[in-house]
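Trainee: Chains as they are written, first to last, in the working numbering: chain A, 1 to 463; chain B, 1 to 463; chain C, 1 to 463; chain D, 1 to 463.
These aren't lab readings, by the way, just hints derived from the structure by calculation.
Remember, it's a predicted structure, so these values are computed and weren't measured experimentally.
We treat Cβ as the ideally placed atom computed from N, Cα and C, and that holds for glycine.
Do not rely on the hints blindly, as some may be mistaken.
Claimed, not checked - FRET-style restraints, in silico, Cβ to Cβ:
#	chain 1	residue 1	chain 2	residue 2	range
1	B	G221	A	A417	23 to 33 Å
2	D	E380	C	D64	30 to 40 Å
3	D	D94	A	E98	52 to 62 Å
4	D	E144	B	R137	49 to 59 Å
5	C	A133	B	R79	23 to 33 Å
To be verified - Computed list of chain A residues with no C-beta within reach of chain C, every gap over 12 Å:
#	residue
6	T80
7	S83
8	L95
9	E97
10	L127
11	R145
12	A184
13	R189
14	M282
15	K285
16	E289
17	A417
To be verified - With the C-beta cut set under 7 Å, the calculated list includes, among others, these residues of chain D facing chain B:
#	residue
18	S83
19	G157
20	Q158
21	R262
22	E264
23	N287
4 protein chains.
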Amino acid sequence: MTGVTLADSVLYGHLWGTDETRALFDDRGRTQSWLDIIAALAEAQADLGMVPARAAEAIRARADVSLLDLDAVGEETRRTGHSTLGLIRVLQRDLDEEARPWVYWGATVQDVTDTWTGLVARAMLDLVDRDLAAAERTARTLAERHRHAVMLGRTHGQPGLPITFGFKAAGWAAELRRHAERAAEARPRIVVGQLAGAVGTLSSWGADGPQLQRRFLERLGLGVPDGSWLTARDRVSELVTLLALVTGTLARIGNEVYNLQRPELGELSESSADEVVGSITMPQKHNPELSEHLVTLARVVRAAVAPALEGLVGEHERDGAAWKAEWAFLPSACTAAGAALGAGVRLLTGLRVNTVRMRENVDAQRGYVLAESVMTGLAEHVGRPRAHEVVHGAAARGSRDGQSLREALLADADVTAHLGAQEIDELLRPERALRAVDALIDRALGGRPGAAAHPSPDPSTSR
Amino acid sequence: MTGVTLADSVLYGHLWGTDETRALFDDRGRTQSWLDIIAALAEAQADLGMVPARAAEAIRARADVSLLDLDAVGEETRRTGHSTLGLIRVLQRDLDEEARPWVYWGATVQDVTDTWTGLVARAMLDLVDRDLAAAERTARTLAERHRHAVMLGRTHGQPGLPITFGFKAAGWAAELRRHAERAAEARPRIVVGQLAGAVGTLSSWGADGPQLQRRFLERLGLGVPDGSWLTARDRVSELVTLLALVTGTLARIGNEVYNLQRPELGELSESSADEVVGSITMPQKHNPELSEHLVTLARVVRAAVAPALEGLVGEHERDGAAWKAEWAFLPSACTAAGAALGAGVRLLTGLRVNTVRMRENVDAQRGYVLAESVMTGLAEHVGRPRAHEVVHGAAARGSRDGQSLREALLADADVTAHLGAQEIDELLRPERALRAVDALIDRALGGRPGAAAHPSPDPSTSR
Amino acid sequence: MTGVTLADSVLYGHLWGTDETRALFDDRGRTQSWLDIIAALAEAQADLGMVPARAAEAIRARADVSLLDLDAVGEETRRTGHSTLGLIRVLQRDLDEEARPWVYWGATVQDVTDTWTGLVARAMLDLVDRDLAAAERTARTLAERHRHAVMLGRTHGQPGLPITFGFKAAGWAAELRRHAERAAEARPRIVVGQLAGAVGTLSSWGADGPQLQRRFLERLGLGVPDGSWLTARDRVSELVTLLALVTGTLARIGNEVYNLQRPELGELSESSADEVVGSITMPQKHNPELSEHLVTLARVVRAAVAPALEGLVGEHERDGAAWKAEWAFLPSACTAAGAALGAGVRLLTGLRVNTVRMRENVDAQRGYVLAESVMTGLAEHVGRPRAHEVVHGAAARGSRDGQSLREALLADADVTAHLGAQEIDELLRPERALRAVDALIDRALGGRPGAAAHPSPDPSTSR
Amino acid sequence: MTGVTLADSVLYGHLWGTDETRALFDDRGRTQSWLDIIAALAEAQADLGMVPARAAEAIRARADVSLLDLDAVGEETRRTGHSTLGLIRVLQRDLDEEARPWVYWGATVQDVTDTWTGLVARAMLDLVDRDLAAAERTARTLAERHRHAVMLGRTHGQPGLPITFGFKAAGWAAELRRHAERAAEARPRIVVGQLAGAVGTLSSWGADGPQLQRRFLERLGLGVPDGSWLTARDRVSELVTLLALVTGTLARIGNEVYNLQRPELGELSESSADEVVGSITMPQKHNPELSEHLVTLARVVRAAVAPALEGLVGEHERDGAAWKAEWAFLPSACTAAGAALGAGVRLLTGLRVNTVRMRENVDAQRGYVLAESVMTGLAEHVGRPRAHEVVHGAAARGSRDGQSLREALLADADVTAHLGAQEIDELLRPERALRAVDALIDRALGGRPGAAAHPSPDPSTSR
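Please build the complete structure, drawing on both the sequences and the hints.
Mentor: Okay, here's the thing in structure tokens:
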């Protein structure tokens with residue numbers, strides 16, 4: 001393992017890909033998958049009496065990349081300039097005369113490569129399902145555990161109103177679940193094979209073509225497409241955009257941790273093994289490596305979207321320019337997405353939540369982030385417009401004079417005429433601004449176990 | 001109507017947008033929509049006793065852009081540097097003292113603008129549904145009408161095996177239908193509103209927030225989101241990628257017509273009104289204007305995908321950089337997509353199909369595109385490997401010597417030993433390579449009327 | 001002014017475009033430019049005796065958009081489906097019989113529109129030059145003024161070693177200057193016109209074509225291209241990538257301010273007029289609006305790069321799909337870039353620098369960001385490896401026990417054996433880590449006036 | 001060699017990369033480059049007396065990847081989570097105690113990796129220079145050889161006016177030369193190294209930092225940057241956009257050949273070795289493989305531009321997210337660009353030009369593409385407006401009735417009143433529309449030898 005992409009690097013491979021995704025795309029994994037497809041085709045043809053059963057058996061027996069001379073395949077590929085003829089010829093060399101002619105019978109390049117794309121799509125969706133579920137589970141746990149951990153909500157990088165960390169984590173869970181839904185909906189469209197012949201008409205096999213196609217794809221566990229997709233690449237585009245959506249959300253979580261891990265904020269931090277070295281010279285340095293890397297990986301996946309969408313404009317019955325671009329961007333997008341999913345789960349699982357700092361950062365705002373609450377409270381006495389005017393004025397003065405909002409309010413006769421110190425303190429409790437948060441968290445976490453126990457069918461009004 | 005984008009041009013607006021999409025985004029349309037939202041909010045608040053009913057009525061009565069001084073709104077917007085305060089203040093000017101304080105009560109900017117985004121999404125999906133259905137219908141009609149119109153299938157820009165034009169059009173129909181499915185699946189996720197308050201907690205309305213949100217969105221016919229999406233922009237990304245997928249397919253159809261309209265091919269052409277001028281100096285010139293333009297418009301929509309996906313990485317509880325970019329790319333993507341959908345329907349509806357040229361172009365290949373059929377036929381006598389060798393040799397010789405494949409085959413004793421002229425002629429009939437095409441068209445067109453009449457449950461083996 | 005893009009909005013136009021850029025692209029501005037081109041062509045033709053001088057004069061006299069019935073042009077454009085025939089015919093209506101035939105004589109659409117693109121490019125480069133110069137000037141002033149204002153350098157969002165704010169600003173200045181260089185180098189390639197005829201051969205004018213082209217472009221102040229660029233769009237791609245580079249840097253500056261304006265950091269802030277309202281409910285809220293917007297605008301410009309690069313693949317002698325896409329992305333990229341340049345200058349000019357908070361944030365690190373200095377100092381006594389080990393150990397212990405690095409060092413016998421308190425204090429002075437900074441700032445600011453006064457020709461060794 | 005990207009594939013590596021580019025990025029090549037940098041640093045430090053000369057010699061002696069245990073480096077990299085610590089530690093293991101502490105002294109990760117990026121940039125620019133020069137040379141030869149080979153100019157995929165193939169090829173040469181200019185201008189900006197320390201201040205080396213940096217970079221043959229570019233990544237963006245521009249033009253040439261190789265046009269074709277197999281079943285099939293692949297490779301390079309431009313928005317003094325993305329897109333863009341440059345040269349060198357078909361395709365237009373010439377000729381008798389009207393009418397009638405334009409003109413009394421058959425024949429000679437072409441080709445080919453021999457200083461009027 002060593003190649004031009006870091007996913008293959010002995011040094012950095014663990015950051016840019018996973019063994020699972022690498023196995024889909026490296027020469028051995030990809031070629032094994034192609035051999036499986038060639039064997040399944042021969043077997044399906046044998047089922048229909050198109051090729052001798054013994055030929056199919058012989059092909060299956062040799063459909064093993066560990067038996068194959070890959071260098072010879074490479075040489076023959078270069079010599080013929082043909083994408084699969086090298087593989088066919090080297091495979092044929094190892095077969096007896098009876099089986100030899102039946103390798104790849106009637107098929108063409110994209111029959112193999114597109115069917116492989118369907119297998120890759122299945123593997124990626126499996127991986128997306130598994131890792132999104134794990135990430136969502138962890139986000140839900142965080143949401144429940146820190147349901148009432150008050151922290152600053154921030155808008156435009158500035159302190160806004162309070163939220164809870166559980167509320168933030170519930171938002172992550174909901175977004176991850178939406179992606180899981182998208183993946184589930186896309187699956188039947190995407191996880192299909194090809195068997196089309198040169199121009200999509202299944203010409204080699206006469207009227208038996210459609211039946212052969214069905215049997216062939218059944219053997220591989222792939223759906224039968226509603227038509228040739230030789231130049232109808234919406235399936236591939238959909239897969240790549242889905243991966244970009246998923247990794248975009250993981251980048252959002254990573255970016256959030258990156259910022260909340262700033263020591264000036266100090267609310268979240270990545271866990272890291274003891275041996276991890278943030279900086280050679282600064283022993284105390286603790287970098288948000290995973291978080292940053294999620295942002296990076298999302299960019300890598302996103303970069304694949306433009307060529308994936310451009311590939312929709314396929315020409316005639318086969319378009320090498322559009323289709324071959326997939327050979328570059330699919331490995332790139334899938335390996336990066338696989339790495340991101342793994343990193344996302346690790347980040348969430350190991351996340352350290354500093355609820356003390358969260359509360360301190362709210363308190364450091366000296367009440368100003370709760371001006372809205374005070375307005376609402378004062379409005380019950382003087383009406384909304386007047387309340388707005390009074391609180392706004394007090395806040396502006398207090399802010400200018402370095403007072404807390406509480407001090408500023410207590411110094412304002414227009415306020416104290418209606419609100420006593422105790423009432424003001426009540427209005428300045430962050431929890432007052434969070435009365436809907438429990439309902440919102442419940443809704444974001446969806447039909448979780450126990451939700452039915454709510455006395456009211458409408459969780460949002462139950463408290 | 002005159003602005004920096006051609007969608008607004010007096011001269012070119014008809015090519016780059018439609019009245020429907022323009023009305024979503026220009027100052028009047030957008031502001032009317034915002035006024036509707038502000039009125040719906042007041043009414044929902046009145047329902048819950050949060051604001052006086054008379055105030056809600058008064059707000060509704062003034063929620064009419066034709067009554068609004070837009071220039072004053074602009075001036076106030078510039079003065080305050082706030083996205084909605086200008087609108088609020090000018091609207092308040094026209095209200096009496098009772099209603100004035102209740103405009104926009106407790107809401108913040110994104111409550112209005114994101115809810116508007118939900119309305120835009122609904123309008124766009126309606127338009128996508130309608131125009132995709134029309135385009136698919138026309139493609140189906142083409143598929144049925146030209147089911148057996150033989151033409152060249154082309155691979156890598158070169159003649160491959162024959163197809164029929166109906167087969168090609170059926171592939172278009174299937175792809176368009178897949179997009180309609182995607183749009184239907186995305187709709188419940190995308191067509192939701194917002195009402196979140198500054199940080200998503202519905203803080204202004206205490207525990208009544210969720211109930212208010214539901215009533216508010218019901219009035220607008222929008223779904224209730226599973227959580228604040230102030231910085232969870234996967235919905236917006238999904239909408240834009242969907243539009244890019246749809247317009248990518250329309251560009252594929254356009255590009256196909258563009259190429260098949262080359263006079264050297266001459267198989268398809270756009271219809272055009274008599275007054276349309278292709279070239280001032282070349283009266284006979286007939287340019288594939290719509291076709292080309294579909295390719296252009298797809299690029300415009302595709303360009304919006306990168307910022308839409310980048311916008312997934314929203315920071316904290318509100319992220320101006322990510323969200324405001326939508327204000328640029330959503331109008332651009334939606335107007336171009338609207339124009340493309342209209343143009344796509346027009347192109348398909350007016351498409352001229354020259355079945356004579358299609359057949360001539362097949363015949364001009366002098367049989368070589370049917371070598372595969374001959375191999376298959378000869379293989380019944382001499383086995384596949386030998387048949388491949390013989391036909392390959394004959395074809396190579398014939399091609400070199402300027403013969404038709406028929407001539408080359410008849411001159412080859414290894415062929416004529418097994419196949420007579422009549423058999424060869426039968427093998428060289430394009431229809432022989434198209435025996436699965438009827439079944440494939442039926443499958444691509446889906447559950448069409450009459451499909452149930454097939455004696456066999458498997459349509460692909462029924463003929 | 002009201003259109004689908006916010007650059008045209010009465011409400012938001014000031015944020016998304018400038019009057020300068022709008023005037024390049026709206027119907028009036030663009031059409032006036034086209035009329036200028038048509039008049040210059042007639043005049044150049046008159047110079048060469050190709051058209052009557054009186055005709056050229058008459059055309060020039062009517063080449064005034066305020067005299068033109070734009071609605072009629074629009075109607076005729078729609079009727080003919082031709083990009084410029086509408087304009088020609090309406091213009092001809094207003095001319096007498098003598099002049100009428102000579103409008104646009106021998107020219108074709110792209111002769112006008114590409115020449116206009118050259119004029120747009122010139123205007124944009126002028127604007128880039130002017131605003132980059134202003135921004136660089138301001139950055140240089142900041143660099144000089146805050147040359148020694150110590151602040152935290154941050155890596156991965158974490159405190160690293162100290163820098164000065166002048167050092168940061170000098171880096172901005174250098175990057176802005178590199179863009180100015182790029183713009184200057186690109187100018188002669190980009191600021192050219194077209195006059196090519198239908199396929200680039202200047203066919204209408206026989207052997208006089210090249211001479212006519214030169215005279216025509218001289219009149220417009222545009223360069224003569226080294227060949228037809230009807231489908232050689234590298235010039236347009238270069239312009240758009242240049243704008244993306246420039247606005248990317250402005251976004252970097254904006255993002256920096258956005259983050260350093262977080263109140264938890266508080267080192268920089270935007271100035272804003274008193275009337276600007278950050279938040280309706282939170283009077284103290286001060287959002288980094290311009291800073292965020294620079295990030296947004298860079299995304300808008302960047303989105304144009306993909307279609308600009310795709311447009312390089314122009315087909316044959318004219319390619320409507322590639323070329324027409326420019327009509328969408330050029331206005332979008334140029335207006336956003338114009339807005340960004342203006343906003344960038346405003347941001348830098350009004351930037352508030354809180355050097356007190358900068359220093360406090362360094363001090364709050366309690367010395368740990370200066371561990372490297374201590375290592376270097378100790379190494380003079382015990383060698384590098386041992387110094388690293390000792391300081392690393394002390395820092396780790398101090399960090400664990402909540403001590404400052406000074407306390408931790410003083411508590412470590414391996415340190416105090418070699419370094420006294422005074423020496424330690426000296427090593428912990430941030431300025432010690434900044435001994436190269438003056439030279440680096442000088443270098444980044446380039447050959448500024450006064451630089452020659454350095455005693456040594458090598459500024460980096462002069463102190 | 002086997003990895004997730006096809007550039008590393010035993011089977012397909014020859015199509016997706018070159019040995020030259022692979023050697024820049026695979027573990028061995030990259031690590032060797034890093035070792036060279038580490039050795040050069042030690043040597044420069046030894047020059048300045050910062051490290052013992054013997055240590056520098058020892059480090060240089062071990063700076064050989066073939067002596068390095070890469071697996072151990074990988075293991076240590078994973079264990080520490082640090083990008084270069086693994087390499088340092090394994091290298092140190094092999095050094096004696098004297099040299100060990102001086103490895104990488106005072107440097108940080110980006111000092112090594114960015115300097116390596118500078119070396120990669122130099123290698124890529126060398127490659128761009130060499131291959132662009134070769135491609136331009138070949139295009140010039142084609143331009144000279146086929147200077148007068150008349151062929152159809154095509155607009156919107158339709159026959160327009162005649163051009164010559166030499167004119168087309170001269171346009172390619174000019175565009176390639178413009179890229180060579182861009183590369184030359186970018187070189188001094190791009191081909192620089194880094195030596196900055198953790199935050200760009202060269203803190204480890206005190207006031208000697210700038211001098212060390214200069215000596216270090218001199219040893220590597222890299223320029224000294226005008227400032228730290230740790231988060232100023234405009235250089236990287238410029239490199240990637242340059243590669244996208246270059247490969248975009250190669251794709252334009254490829255796409256042109258692809259289309260002109262359609263047998264219905266048959267004007268150009270790729271050469272291919274005898275053993276190359278276009279299609280297993282269709283022996284006569286000859287696919288434009290290289291041409292298509294140029295289009296594909298340009299998409300791969302273009303995909304890197306979005307993250308490269310996004311990377312401009314670097315945060316603070318080091319931004320892992322932006323910078324690490326380069327580790328993914330640089331190898332991808334550079335290997336694809338390297339492959340494209342090689343393929344572009346091969347395509348041009350082997351290009352087959354069928355001047356007979358070119359002329360036949362012009363003739364097949366039956367004169368209509370020369371209507372402009374006839375108008376110009378007739379205008380001398382009846383004035384421009386009348387000539388346009390008459391010829392337009394004749395052409396429309398002839399086109400409708402299936403006549404050649406010559407037949408239509410001869411049948412029109414308004415024509416024959418002024419033009420005899422011989423004059424019409426002269427006007428219908430394609431060469432008449434090409435009178436400026438020689439001058440245009442000369443101009444596009446620039447200051448070629450012999451140009452000075454023109455009697456007139458203005459080459460465009462000399463014939």
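Trainee: All hints, please: hold or fail.
Mentor: For each hint, the structure was consulted:
no., hint, verdict
1, B:G221 <-> A:A417: 23 to 33 Å, "violated, 45 Å"
2, D:E380 <-> C:D64: 30 to 40 Å, "holds, 32 Å"
3, D:D94 <-> A:E98: 52 to 62 Å, "holds, 58 Å"
4, D:E144 <-> B:R137: 49 to 59 Å, "holds, 55 Å"
5, C:A133 <-> B:R79: 23 to 33 Å, "holds, 30 Å"
6, T80, "holds, 28 Å"
7, S83, "holds, 23 Å"
8, L95, "holds, 43 Å"
9, E97, "holds, 48 Å"
10, L127, "holds, 28 Å"
11, R145, "holds, 25 Å"
12, A184, "holds, 30 Å"
13, R189, "holds, 26 Å"
14, M282, "violated, 6 Å"
15, K285, "violated, 6 Å"
16, E289, "violated, 8 Å"
17, A417, "holds, 20 Å"
18, S83, "violated, 23 Å"
19, G157, "holds, 5 Å"
20, Q158, "holds, 6 Å"
21, R262, "holds, 5 Å"
22, E264, "holds, 4 Å"
23, N287, "holds, 4 Å"
When held up to the earlier numbered hints, the structure conflicts with 1, 14, 15, 16 and 18 and fits the remainder.
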